[in-house]
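S.K.: Here's the letter readout for the chains.
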Amino acid sequence: MNRPWDDDERPPADDVPESDGEPGLQPDEPDEQGRPVGRRIVLGMLGLSALGIVFGKQLDDAQSNLLAPVVAHDPTGLSDLLPAVDRFRFYNVTDSEPLRTAATYKLTVGGLVDRPVTLTLADLQAMPQTSLIKDFQCVTGWRVPQVHWSGVALPDLLDYVGVQKGATALRFTSFDGTYTESLTLAQAQRRDVLVALQMLGAPVTRDHGGPVRLYVAPMYGYKSCKWLGGIELASKVTPGFWENEGYDVDA
Amino acid sequence: MRPPAELLRFTRGERWVHRATAILICVCLLTAAILYIDALSQLVGNRALVEWIHVICGIGLPVPALIGLGSKAFRKDARRLNRFTRNDWKWLRSRQRRDGTIPVGKFNAGQKLNASFQLGGILMMLSTGLVMRFANHWPVYLRTGATFVHDWMAYAILAVVLGHLWMANRDPDALRGMRTGYVRTSWARREHEVWANREVARAKAAQASTGGTGATDAG
Numbered sequence: 001m002n003r004p005w006d007d008d009e010r011p012p013a014d015d016v017p018e019s020d021g022e023p024g025l026q027p028d029e030p031d032e033q034g035r036p037v038g039r040r041i042v043l044g045m046l047g048l049s050a051l052g053i054v055f056g057k058q059l060d061d062a063q064s065n066l067l068a069p070v071v072a073h074d075p076t077g078l079s080d081l082l083p084a085v086d087r088f089r090f091y092n093v094t095d096s097e098p099l100r101t102a103a104t105y106k107l108t109v110g111g112l113v114d115r116p117v118t119l120t121l122a123d124l125q126a127m128p129q130t131s132l133i134k135d136f137q138c139v140t141g142w143r144v145p146q147v148h149w150s151g152v153a154l155p156d157l158l159d160y161v162g163v164q165k166g167a168t169a170l171r172f173t174s175f176d177g178t179y180t181e182s183l184t185l186a187q188a189q190r191r192d193v194l195v196a197l198q199m200l201g202a203p204v205t206r207d208h209g210g211p212v213r214l215y216v217a218p219m220y221g222y223k224s225c226k227w228l229g230g231i232e233l234a235s236k237v238t239p240g241f242w243e244n245e246g247y248d249v250d251a
Numbered sequence: 001m002r003p004p005a006e007l008l009r010f011t012r013g014e015r016w017v018h019r020a021t022a023i024l025i026c027v028c029l030l031t032a033a034i035l036y037i038d039a040l041s042q043l044v045g046n047r048a049l050v051e052w053i054h055v056i057c058g059i060g061l062p063v064p065a066l067i068g069l070g071s072k073a074f075r076k077d078a079r080r081l082n083r084f085t086r087n088d089w090k091w092l093r094s095r096q097r098r099d100g101t102i103p104v105g106k107f108n109a110g111q112k113l114n115a116s117f118q119l120g121g122i123l124m125m126l127s128t129g130l131v132m133r134f135a136n137h138w139p140v141y142l143r144t145g146a147t148f149v150h151d152w153m154a155y156a157i158l159a160v161v162l163g164h165l166w167m168a169n170r171d172p173d174a175l176r177g178m179r180t181g182y183v184r185t186s187w188a189r190r191e192h193e194v195w196a197n198r199e200v201a202r203a204k205a206a207q208a209s210t211g212g213t214g215a216t217d218a219g
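Protein chains in written order, with the working numbering: chain A, 1 to 251; chain B, 1 to 219.
Calculated from the structure, these hints are not laboratory results.
Hints are supplied without guarantee of correctness; some may be wrong.
With the Cβ distance kept under 7 Å, some of the chain B side facing chain A (calculated, not the full set) [to be verified]:
hint, residue
1, 108
2, 110
3, 111
4, 112
5, 114
6, 119
7, 130
8, 132
9, 135
10, 137
11, 146
Calculated from the model, a selection of chain A residues having no Cβ within reach of chain B, i.e. all distances over 12 Å [what the hints assert, rightly or not]:
hint, residue
12, 117
13, 178
14, 236
Treat the numbers as computed from the prediction; the structure is a model and nothing was measured.
Every residue gets a Cβ at the ideal spot worked out from N, C-alpha and C, and that includes glycine.
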């Protein structure tokens, strides 16, 4: 065992390696002696990791504030490669990005409703719009503060189709054909849950899940289903895509 | 008695640990790029699958070295990498570190730093990665901190891995040592004098004790 407070250049006696017992050799290999600097580096880095986990949020905030003007005026987009820059990170669980244009987009609302409907983008645009400015928080830790969102508040849409008795949950499907999400009826009736048509002050882009995506302000980003294609009212919650991979259904 | 022409630098087990670790690091870096860089994410998609590969390889990264601990040669080299002698500090500070005036053991101080950094780096990535992957168990500020460390360390590890590859590529003998296990004695005497002298002495002693004729040149 090494004593870290032992400042002697010579290793303590119990640091001397054992002889490998071969004949004709001195017991000590000169390059096996010395202070265990490697171990100190490794332990130091582990300590740094723990400190980083606890205080990294502050560093992250400080760095993103510092870099905000640089990122805003960076024509190359290379600054997006830096950690802690306030930017959306692109997530897609299928082979390629699905494509629906403003002309081909359709949202089907069905299940336990009085009036199943299929809405075009124009239909959604004609409904009362709700705007809010809220953070987008990813479950893994990244966050984009103060994002402008606008679209049809989900409770308005639910009023429009009429929720039947017995419906307690919503199931969202993406037109990527794979992604699904879920909310309880109570969660879906919050006014900060949007069928979003606009984001960042412009129509939702294809990369961000456009032309229409879900935005669930009080919950983690994976709840905000991109490329929203269908909403189904059901009698119980069906865990969504990431929730089948171990994420919380209620988060 | 002539010295052997070649010396055994790395056993088969050690080379296996090195290769497995290298492959795992490369897969981690490659999948990291896909997960992190939007243009690549858009190209590849399949985030759940890419993430799964990344996490499996990341958790697997320390495994080859842990298995390697079963080998005496690996343990001995790990000890050599761990220990810094007075000459190591001199070597690091010296401008003439490459000319052989400061005798070097089996590993020079740069190689020791590289090994320590990579082990520490792997453990940092593992600890922060687990906080990110098993998200449900921690408050979100810890995950933001873990992501911050994980992202910056990924760049640091990439830089050190590229530096390691660059240094190795400049030295065919070093490359061959890791590929085949053997290095030329003349190279070893130049780059790792203390180690080479001991290995030569060891070989001669072994020859003497078995009554060897000194004609065995190859390793």
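S.K.: Enumerate the violated hints, using their earlier numbering and listing them in ascending order.
M.R.: 1, 2, 3, 5, 7, 10, 13
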